[in-house]
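From first to last, the protein sequence lines are chains F, P, L and S. Under the UniProt record's numbering, the first sequence has 189 at position 189, and the numbering climbs by one with no breaks. Under the UniProt record's numbering, the second sequence has 35 at position 35, and the numbering climbs by one with no breaks. Under the UniProt record's numbering, the third sequence has 58 at position 58, and the numbering climbs by one with no breaks. Under the UniProt record's numbering, the fourth sequence has 162 at position 162, and the numbering climbs by one with no breaks.
Incorrect hints may have been included.
Per the computed footprint, the stretches of chain F lying under chain L, defined by three or more beta-carbons under 8 Å from a beta-carbon of chain L, are [what the hints assert, rightly or not]: (1) 5 to 15; (2) 70 to 78.
Estimated spans, in silico, between C-beta atoms of each pair [stated by the list, open to error]: (3) Asp-205(F) - Gln-42(S): 31 to 39 Å; (4) Asn-2(L) - Gln-85(F): 33 to 41 Å; (5) Asp-77(L) - Asp-89(F): 42 to 50 Å; (6) Gln-42(S) - Gly-138(L): 18 to 26 Å.
Taking lysine to aspartate or glutamate and the DMTMM-like style, the derived pairs with C-alpha atoms no more than 20 Å apart in a straight line are [said to hold, decoys possible]: (7) Lys-208(P) - Asp-220(L); (8) Lys-182(P) - Glu-162(P); (9) Lys-215(S) - Asp-220(F); (10) Lys-182(F) - Asp-161(S); (11) Lys-182(P) - Asp-161(L); (12) Lys-204(L) - Glu-76(L); (13) Lys-215(P) - Glu-137(L); (14) Lys-215(P) - Asp-220(L); (15) Lys-106(L) - Glu-137(L); (16) Lys-204(S) - Asp-220(F); (17) Lys-218(P) - Glu-36(P); (18) Lys-182(S) - Asp-156(F); (19) Lys-218(L) - Glu-137(P); (20) Lys-182(L) - Glu-162(P); (21) Lys-106(S) - Asp-89(P); (22) Lys-182(L) - Asp-156(F); (23) Lys-182(F) - Asp-114(L); (24) Lys-106(P) - Glu-35(S); (25) Lys-182(F) - Glu-137(S); (26) Lys-106(L) - Asp-156(F); (27) Lys-82(P) - Glu-162(S); (28) Lys-218(L) - Asp-220(P); (29) Lys-218(S) - Glu-14(S); (30) Lys-103(F) - Asp-77(L); (31) Lys-182(P) - Asp-220(F); (32) Lys-182(F) - Asp-161(L); (33) Lys-103(P) - Glu-81(S); (34) Lys-182(S) - Asp-114(P); (35) Lys-208(P) - Glu-224(L); (36) Lys-106(F) - Glu-35(L); (37) Lys-182(P) - Glu-162(S); (38) Lys-182(P) - Asp-220(P); (39) Lys-208(S) - Asp-114(S); (40) Lys-182(S) - Asp-156(P).
These are calculated hints, taken from the structure and not from any lab test. The model shown is predicted, which means the values in this text are computed figures rather than measured ones. By construction, the Cβ of each residue, glycine as well, lies at the ideal position given by its N, Cα and C atoms.
Protein chains: 4
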Amino acid sequence: MNVTIWNEYRHEKESEIVAKIYPNGIHETIATFLEEEGFNIQTATLDEAEHGLTDEVLANTDVLIWWGHRAHCEVEDSIVEKVKQRVLDGMGLLLLHSAHFSKLFKQLMGTSCDLKWRENGERELLWVVDPSHPITEGIPEYIELEQEEMYGEHFDIPTPDEIIFISSFAGGEVFRSGVTFKRGKGKIFYFRPGHETYPTYYHKDIQKVIRNGVKWAKADNTPEITYGNYYR
Amino acid sequence: MNVTIWNEYRHEKESEIVAKIYPNGIHETIATFLEEEGFNIQTATLDEAEHGLTDEVLANTDVLIWWGHRAHCEVEDSIVEKVKQRVLDGMGLLLLHSAHFSKLFKQLMGTSCDLKWRENGERELLWVVDPSHPITEGIPEYIELEQEEMYGEHFDIPTPDEIIFISSFAGGEVFRSGVTFKRGKGKIFYFRPGHETYPTYYHKDIQKVIRNGVKWAKADNTPEITYGNYYR
Amino acid sequence: MNVTIWNEYRHEKESEIVAKIYPNGIHETIATFLEEEGFNIQTATLDEAEHGLTDEVLANTDVLIWWGHRAHCEVEDSIVEKVKQRVLDGMGLLLLHSAHFSKLFKQLMGTSCDLKWRENGERELLWVVDPSHPITEGIPEYIELEQEEMYGEHFDIPTPDEIIFISSFAGGEVFRSGVTFKRGKGKIFYFRPGHETYPTYYHKDIQKVIRNGVKWAKADNTPEITYGNYYR
Amino acid sequence: MNVTIWNEYRHEKESEIVAKIYPNGIHETIATFLEEEGFNIQTATLDEAEHGLTDEVLANTDVLIWWGHRAHCEVEDSIVEKVKQRVLDGMGLLLLHSAHFSKLFKQLMGTSCDLKWRENGERELLWVVDPSHPITEGIPEYIELEQEEMYGEHFDIPTPDEIIFISSFAGGEVFRSGVTFKRGKGKIFYFRPGHETYPTYYHKDIQKVIRNGVKWAKADNTPEITYGNYYR
């Protein structure tokens, strides 16, 4: 299992608050708990050449994890296009938190992917609504995060193939926080939590969900499809 | 449009609190705001012969509304079977609040239809998550109910065809509060609100959702299907 | 109901075979049977200024019908973007036949939208698999087309919200021929039949499906959604 | 992985044609190719006490396979109820061919589960329409069966959670031949092929699909859910 973790990696370098929580970047924190699972981990960040996503890196990636926020517009269109094609060809994709507004997610969804938000450090409860889904393996019936950014409905995405988690926030909003989509031969999991100013990725159940998501998103050896002019 | 409103009609006769809110029964309150829409309304209740659901009544019903709670087990199996067949043959069905645990709903769903609940008079917010659905016509992006019974996930139903509303409760729980299912040629809408001790069915937006639901559930003149041994 | 019919309108001008079937263009044939329904019809074609899709035309369109084939790449990106935004804002969209490969459909879907095809004039049967859907109103349980182009699975689209028709072809292929999607506040119906060298749009049941599709796709007065930084 | 194969086991004892193809019963043929996978196999048949489905057998079953046809009505209601509860509690379930009309499937679905059929020994092609699904691992883009019973739409089931295969038959009918459903914590896979008078279960790709289906249907260690009166 080859996992590549892509991180914008700007907040951690520019904000003391964020740097205290994720001193080596969000990607390294995620790498640490995925390595425990025995996965082969690479990382890639925005400011590297080709954003760290060379053809070779992508060719050797079974599942890509994406965290981005304030610099979505700095991601090169050509790289977005290349990553999107790899997803359609079968690379798994996990999008975390503000990656909902990445070029990559918006192009795969075809919608605005907009939502409500509020930075108010309020309690989030993530409730399991699909308790037979492999992504819920080993977790309790809800996950409590003491402080998170609020994301609220309406979340402007296509009807998900599966809804696994629905969140409530202390302010009363709700959100489809764990949703899956199939696009081409690629499996996509969007998972809401992980604002940079809270230690969300140190939470054991959040880590478990991400580990489960990576395993779920990896492609099987499914049929080669022929397209175009066709005679059996 | 012929609408039949079925009500268990026990709480209103046995509890002063409920009788004050719905002096003529929940069915009559619902009848009043549906008549404004120009629908032809009949009512039927548990303690009538055949629970008021004779073959003639059912044959003249385009959409059936169902409210039941503590006497689900008193509904005759033969009546449940008859109503279920009418739904499969194309009669629309709206199930309100505790009708989630009716024999009728459980047999149409095939699951336990169980959930969490708490009678604590707490605030419910119903958020629209499908803002292109005809059932949301004319309502705001969320409906606020000051006091309601809490229903919480996991709600043990099959994956709905559509999720229109998701609720949050003051205590932090969430619930898929407006969900649709197609079964046979029948269209089914489950809508959560309406505990008997709160004046929920006087709320203008709740009334609007129920009116919209009735219109949505009515069958069109869709194809006659042939089953069995077949040669074109 | 304001309906705009967009047609590439090239085959009809360049091929005698096509011109014989659709002497005034496919759009005029479709316009004729939609006018019988009392809809207000406009048409627009590729070679007009802005492809006939000015801001004013789009603002006055409830439902847009799209037929394109060999000149998908000549449709300006800026027009595609404008039409896509109108769909997300609530304009209904019907895509016919080879419109599966239009820029518009591909950007709304986020996938390749590829498929198998064969021009062999073979029999197509379109079977209703959702006999409670309003788009099937007034049609039989299958529609037979004596001669059509074959389209075969795998059709590389996201999981549709609804599958209404599945086709078989004389050669043995199958295809999800009538599928719906919600994107933003827009309702989308893709309907497979209509190769330019066959008189498909004169078939009474095909016309009925398109009329039903237009009615289904028109937006209701559904909730205004607020996005962005939010405090209730 | 503990797999129990339930077979009606009547045709094989009463028909010479069937006995020639499956001399030890369909269940033994299925057992043979599942044992190659390293699964622990038990079998159970209608004419055994409790139809071979004692509490102990069910408690030790991760995935149950069901083949029945002409004696659906002889299956005891109490056994059906017990098996249904085990599915809702997380036991995987594969239903093969005419098991679409078993009491078990009908009660889990809530619909008639009716369809068109024709015993005419005609060619079936099963096309993959979900090429990212683990059940399609290792198979080609379509499976050809030289002779099978025809099953045709409309298949009166709830909207499946996933459609994996769609069949065409030589006569022109289509069928959703591989469909999945989640019910409670149980995962259900209905797979169409396998009429008793054809050697379908000796086909390598059919065997592969059933093996994949068993692996997919096995429950993970997903959350324990609490239902009823609830205070966090």
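Results for each hint:
1. 5 to 15: With 0 residues in contact (Cβ-Cβ under 8 Å with chain L), the coverage given for the segment 5 to 15 of chain F is violated.
2. 70 to 78: violated (count 0)
3. Asp-205(F) - Gln-42(S): 31 to 39 Å: holds, 36 Å
4. Asn-2(L) - Gln-85(F): 33 to 41 Å: 38 Å Cβ-Cβ, so the 33 to 41 Å window holds.
5. Asp-77(L) - Asp-89(F): 42 to 50 Å: violated, 24 Å
6. Gln-42(S) - Gly-138(L): 18 to 26 Å: violated, 52 Å
7. Lys-208(P) - Asp-220(L): holds, 14 Å
8. Lys-182(P) - Glu-162(P): holds, 10 Å
9. Lys-215(S) - Asp-220(F): With Cα atoms ~13 Å apart, Lys-215(S) and Asp-220(F) stay inside 20 Å; holds.
10. Lys-182(F) - Asp-161(S): This hinted pair holds, its Cα atoms lying about 13 Å apart.
11. Lys-182(P) - Asp-161(L): Roughly 13 Å between the alpha carbons, so the hint for Lys-182(P) and Asp-161(L) holds.
12. Lys-204(L) - Glu-76(L): Since the Cα atoms of Lys-204(L) and Glu-76(L) sit roughly 34 Å apart, the hinted pair is violated (cutoff 20 Å).
13. Lys-215(P) - Glu-137(L): The hint holds at about 15 Å.
14. Lys-215(P) - Asp-220(L): With Cα atoms ~13 Å apart, Lys-215(P) and Asp-220(L) stay inside 20 Å; holds.
15. Lys-106(L) - Glu-137(L): violated, 29 Å
16. Lys-204(S) - Asp-220(F): Roughly 19 Å between the alpha carbons, so the hint for Lys-204(S) and Asp-220(F) holds.
17. Lys-218(P) - Glu-36(P): Measuring from Cα to Cα gives roughly 18 Å; hence the hint holds.
18. Lys-182(S) - Asp-156(F): Answer violated: Lys-182(S) to Asp-156(F) is near 26 Å, above 20 Å.
19. Lys-218(L) - Glu-137(P): Within the cut-off at roughly 12 Å; holds.
20. Lys-182(L) - Glu-162(P): The given pair, whose Cα atoms are some 11 Å apart, holds under the 20 Å limit.
21. Lys-106(S) - Asp-89(P): Holds. Lys-106(S) to Asp-89(P) sits at ~16 Å (cutoff 20 Å).
22. Lys-182(L) - Asp-156(F): holds, 10 Å
23. Lys-182(F) - Asp-114(L): holds, 15 Å
24. Lys-106(P) - Glu-35(S): violated, 37 Å
25. Lys-182(F) - Glu-137(S): holds, 16 Å
26. Lys-106(L) - Asp-156(F): With Cα atoms ~18 Å apart, Lys-106(L) and Asp-156(F) stay inside 20 Å; holds.
27. Lys-82(P) - Glu-162(S): violated, 30 Å
28. Lys-218(L) - Asp-220(P): holds, 17 Å
29. Lys-218(S) - Glu-14(S): Status violated; Cα separation ~34 Å.
30. Lys-103(F) - Asp-77(L): holds, 17 Å
31. Lys-182(P) - Asp-220(F): violated, 32 Å
32. Lys-182(F) - Asp-161(L): holds, 13 Å
33. Lys-103(P) - Glu-81(S): The hint holds at about 15 Å.
34. Lys-182(S) - Asp-114(P): holds, 15 Å
35. Lys-208(P) - Glu-224(L): OK: Lys-208(P) and Glu-224(L) at ~16 Å, within 20 Å.
36. Lys-106(F) - Glu-35(L): violated, 37 Å
37. Lys-182(P) - Glu-162(S): Holds: Lys-182(P) and Glu-162(S) sit about 16 Å apart, inside 20 Å.
38. Lys-182(P) - Asp-220(P): holds, 13 Å
39. Lys-208(S) - Asp-114(S): violated, 27 Å
40. Lys-182(S) - Asp-156(P): Given that 20 Å is the threshold and the Cα spacing comes to 10 Å, the pair holds.
In this structure, the hints that do not hold are numbers 1, 2, 5, 6, 12, 15, 18, 24, 27, 29, 31, 36 and 39, in rising order.
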